[in-house]
Amino acid sequence: NAGVTQTPKFQVLKTGQSMTLQCAQDMNHNSMYWYRQDPGMGLRLIYYSASEGTTDKGEVPNGYNVSRLNKREFSLRLESAAPSQTSVYFCASSDLGGRAGDTQYFGPGTRLTVL
Amino acid sequence: AQSVTQLGSHVSVSEGALVLLRCNYSSSVPPYLFWYVQYPNQGLQLLLKYTSAATLVKGINGFEAEFKKSETSFHLTKPSAHMSDAAEYFCAVSDRTGNQFYFGTGTSLTVIP
Chain A
1 NAGVTQTPKF QVLKTGQSMT LQCAQDMNHN SMYWYRQDPG MGLRLIYYSA SEGTTDKGEV
61 PNGYNVSRLN KREFSLRLES AAPSQTSVYF CASSDLGGRA GDTQYFGPGT RLTVL
Chain B
1 AQSVTQLGSH VSVSEGALVL LRCNYSSSVP PYLFWYVQYP NQGLQLLLKY TSAATLVKGI
61 NGFEAEFKKS ETSFHLTKPS AHMSDAAEYF CAVSDRTGNQ FYFGTGTSLT VIP
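Note that the protein sequences, when read in sequence, are chains A and B.
So the first sequence is numbered by the working numbering: it starts at 1 and just counts up by one.
So the second sequence is numbered by the working numbering: it starts at 1 and just counts up by one.
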């Protein structure tokens, strides 16, 4: 059981470039999440997917898009990267989601720098 | 929207001393509450959670937290700090009305030998 995996681990982009962060989980969880972590601000939710086929905005969705490709995979896309998107990005999954008080399981993170 | 407030972005304790990390929540309905720990360059892992069973919750590595509705608090404690406890700790909340989790800004724990 790999749990939640994320690729890449590190990435450097120039302003205006695009990229997709990949996330996969092998726990058969229904809900998946994308967070960004910035110093002094904790984790802020970007998008989440309560179940396969659905996605919803979180606290800071601007500049991002997501795709729930199937039950296992949830990708995050930056269409035109900006320096303000320099951050550490975490993917997480849970079986039943926040409504049921379920535990979230986190990936190791992607460290993104936008120059 | 729900929120959690963690008092003290940095806490230092001596090895063997009591660890107390504070978390207060705002919720209009009985919440679910979590403490997560993050070691350097790693993802978050669950320490413990409150889901409306016992108000005193025991977690991994000797940590525990007490849910106090009257104080809207869920403080994390450990009787005796160990060097390996040095990490970032996050309090989080979710409630029965939504799918989202809300995290506090984190408390960095330093353990002094």
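Keep in mind that the hints were calculated from the coordinates and are not lab data.
Backbone N, C-alpha and C fix where the C-beta goes; we use that ideal spot for every residue, glycine too.
Treat each hint with caution, since some may be false.
To be verified - Covered stretches of chain A, going by a simulated chain B footprint (3 or more residues, C-beta under 8 Å): (1) 8-21; (2) 31-44; (3) 49-58; (4) 107-115.
Said to hold, decoys possible - Derived lysine-lysine pairs resembling BS3-like cross-links, with alpha carbons at most 30 Å apart: (5) B:Lys-58 with B:Lys-68; (6) B:Lys-49 with A:Lys-9; (7) B:Lys-69 with A:Lys-71; (8) A:Lys-9 with A:Lys-71; (9) B:Lys-68 with B:Lys-49; (10) A:Lys-71 with A:Lys-57; (11) B:Lys-58 with B:Lys-69; (12) B:Lys-69 with B:Lys-49; (13) B:Lys-49 with A:Lys-57.
As the list claims (entries may be wrong) - Heads up, incomplete: computed chain B residues facing chain A, CB under 7 Å, no partners named: (14) Thr-5; (15) Gly-8; (16) Thr-51.
### Earlier hints that do not hold, by number
Per hint list: 1, 7, 14 and 15 violated.
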